[in-house]
Amino acid sequence: MPWRTSRSAPDRLRTPGRLAGFLKTASICVLIAGLLSPLTQATAAAAAPNDYCGGQCSDILPPGENGNATLAQILLNQAFGTQPDHAEDQLGPYANLAKGYSSLTDSKINTFFNDASFGVSSDQVASTEKPAGRSDVTIVRDKKAGVPHITGTTRYGTEFGAGYAAAEDRLWLMDVFRHVGRGQLTSFAGGAASNQGLEQEFYRNAPYSEADLQAQIDNAVAKNGARGQQALADANAYLAGINAYIDASDSGRYFPGEYVLTGHKDSVTNAGTIDHFKITDLVALGSVIGSLFGAGGGGEVNNAISLIAAQSKYGVEEGTKVWESFRERNDPEAVLTVHNGESFPYASKPDTAVGEALPDSGSVAIEPLVYDATGTGASQSATAASKTATATALSSARRGMSNALVVSGKYTASGHPIAVFGPQTGYFAPQLLMLQEIQGPGISARGASFAGLSMYVELGRGQDYSWSATTSGQDIIDTYAVELCQDDNHYLYHGTCTAMDKVEQTNSWKPTTADGTAAGSYTMRVWKTKYGPVEYRATVGGKKVAYTTLRSSYMHEADSIIGFQMLNDPDYVKGPADFQSAAQHINYTFNWFYADSQHTAYYNSGNNPVRASGVDAEFPVWGQAAYEWKNWDPTTNTADYTAASAHPNSVDQDYYISWNNKQAKDYTTAPWGDGSVHRGNLLEDRVKKLVAAGGVTRTKLVQAMADAALEDLRAEDVLPKLLKVINSSTVTDSTAAAAVSKLQAWVTAGAKRTETSAGSKKYADADAIRILDAWWPLLVKAEFQPGLGSDLYTAFSNNLPVDESPSAAHGPTGSHAGSSFQYGWWSYVDKDIRSVLGESVQGPLAEKYCGGGSLSSCRDTLISTLKTAAGTSASTVYPGDSLCSAGDQWCADSIVQRTLGGIKHYNISWQNRPTFQQVVEYTSHR
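Residues in the sequence shown are numbered consecutively from -16, following this note's numbering.
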């Protein structure tokens, strides 16, 4: 009898009716595999390998480890809300920290987290299996969370077990996202508008052919010697494990029920196939993850449009000053991860820019992606989804999430470093990541991996060290203007008229039980140049051009496997220098953090191209030899990259914080908004205070994270200054005075968005929160649009959204996504209000905007908009959606595990924290 996947009669029944759109919410990527195979109960315990954490390593990953569900389990969940074992058991502890952190102690940490010690004690062994009957690998699952603990006596067997366990826990989802990576989601999972948008978003930037995917593997293996060969062998063993589980679950008929609901399998006859995975699937999966979380840059065309608007408004010289002040490339007030004053110049503004190819005003048009659409491929909802996908794909790397708090042992009670860190990867059912422990020759690690890529632990712990990452966002994507010749699909390359390459993917779909979207089809078409895919068309100085985007990790998605292999190797990582060396082999743009019992460390990864002298990375440049990356080879898309020492890095700084903020002095990141107020300040202020007091414990650091996770950034760091302007004279209007009183009381109480009590589903200070949510967009527009003019205000808003509150549909995961307050105009408002108040501002905006610089006029503007906000009903501020009724404030903020399969979960109270999170404090070292 398969564990968690009993094959009773309902498994073999056809589904009555239709499960309306359980796949339609798929709006981001998952790379993991999902079902569980037959296991046998065992009494023997897995022996714990060398573990130097002393029981002080913990982790959590909601909603649960089990992403598998048979057809019967899906039907029961949809009808009665029942859950498969271990599908939801980490969701409650994760959610409960929001109200439980204030009374936290070290002994209570694992009430809200899992024990992340190596191995499983004998009384906690839930099951043991030898996958496919192999004698060289054992998978033990623990009782509490069902995490697979994979132990192999051979390297092949170890990786075979990792693949088998991944397929037990995420098979359907891994299948979904290998199709996303190839631009084939709608043909596989259905034509829902969200599926259309998802495949379009990724295909536009990574239109790889099968040959392209294979070439990446060949190149990664060839250039990495013995480690490259080992990675290839590991990947093949991992694939063999996945495919062995597919065969077992197919013949045993306990495969994921989604295959039946989408028409790939017949529940009565078992007709149909689940295709085996192949090695190029891993690259397709990796391209999705890299694009989502590790590809900083882009947005140069939008930058050029806003610069042109600024120059049109103010003239070239003053307009450029205004633009630069809003861009905040290197704002002196920005919170930094490396805060010791060390400078790491990158992508700085050149004294005199060369090669710029700014478009003629009004000439820019987005390159079409979809052609020959029929049926629901041409519907209004399809068009809207396509527009959103295009905007996301072409935006300036607004994808960064995740946070880290790391404190040196000099400032802890034990004398050992402490870290609380993890990635914010959104909330999904099943989750994008999966937990696992892998022990075998050359591998010793536990943590989270994007399954389907889980041959190694990607974020987690080794024997005596832990590591994690946050998205960094430095610019590794440039935009080139290629001059057209002959027709719209030929361009000049080094003086020769050269044909663009046409790449196409045609998809069609029909209604299924899972997705009732009517039949439709379309073709996605991308034109590729040596400088990358075409994203826009325009004219420059009257000449017709195509704007292309070139990413340094393009055609190199497979390369980072070597860095992860190193991080899992106990014989390689023995200290901070080894950790930094491993991170240098990862070409995704991440901030990497490390802690062992003696040291902490940080390294910023990514292939940062060496640009031609005088090229400004903020804007498009001509596709000409003089402006190419240094020693760039278009055949392999390789170039010279900045030295490792030029990347922000550090060992044993007093503390590190990161919430996708600026890495270091003079290190320009691609996203806008690294100014005086950033959500990184929420961590900086709390950790700095802890370090100043000394005696930091795991409890105190978790509390700092959890406290920041409930904070409204606008209320903590900007609202007091707004109220200072309003209270510069007595407020006589009764409506305004009442609103001011509520807002001030909220600030005094801590400015948090938190329930009155656990499970109340009502916010304390609810009215103040409603007022600020309504007020913020009104006050920003009233403060800045009169001075900037509507065109420039709109252009700047396209560069940086005005707001990112918890209830807004924002970021890569839309509404109900948890991650909030990363992108918004908080720094602009802060700097402008302080300037109007006459306070000192480093790196001020080029002009004063609120009330034209007059304190009394600014006050009038704020009071007028505040009165409007105070009178705006909750049902207007929180209009409701498929989950929440209009006016339900708590629900509007709440976090939803977005269904990427057939199992649904309850929504939880808002927290702004990592999805996967570790709490670690090592007691000793090898």
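Hints listed in this document are in silico derivations from the structure and should not be mistaken for laboratory results.
Virtual Cβ for every residue (Gly too), placed ideally from N, Cα, C.
Incorrect hints may have been included.
[Stated by the list, open to error] In silico DSSO-like links for lysine-lysine, alpha-carbon gap of 27 angstroms or less:
no. : residue 1 : residue 2
1   : K704      : K671
2   : K671      : K304
3   : K707      : K831
4   : K91       : K527
5   : K332      : K707
[Claimed, not checked] So the derived label-pair ranges between C-beta atoms look like this:
no. : residue 1 : residue 2 : range
6   : E307      : T777      : 17 to 25 angstroms
7   : G597      : D470      : 14 to 22 angstroms
8   : A194      : A675      : 33 to 41 angstroms
Now for the hints, and whether the structure bears them out:
A distance of roughly 22 angstroms separates the Cα atoms of K704 and K671; the hinted pair therefore holds under the 27 angstroms criterion. Annotation: proposed proximity of K671 to K304 is violated, straight-line Cα distance about 34 angstroms (limit 27 angstroms). Of the supplied pair hints, the one linking K707 and K831 holds, its CA atoms being roughly 17 angstroms apart against a limit of 27 angstroms. Proximity of K91 to K527 is assessed by CA-CA distance (about 65 angstroms); at most 27 angstroms being required, the pair is judged violated.
A threshold of 27 angstroms between alpha carbons decides the hint, and for K332 with K707 the separation of about 35 angstroms lies outside it, so the pair is violated. Between E307 and T777, the C-beta spacing of about 19 angstroms keeps the proposed range 17 to 25 angstroms intact. The supplied range of 14 to 22 angstroms is broken by G597 and D470, whose beta-carbon atoms lie about 32 angstroms from each other. For A194 and A675, the Cβ-Cβ distance of about 57 angstroms falls outside the hinted range of 33 to 41 angstroms, so the restraint is violated.
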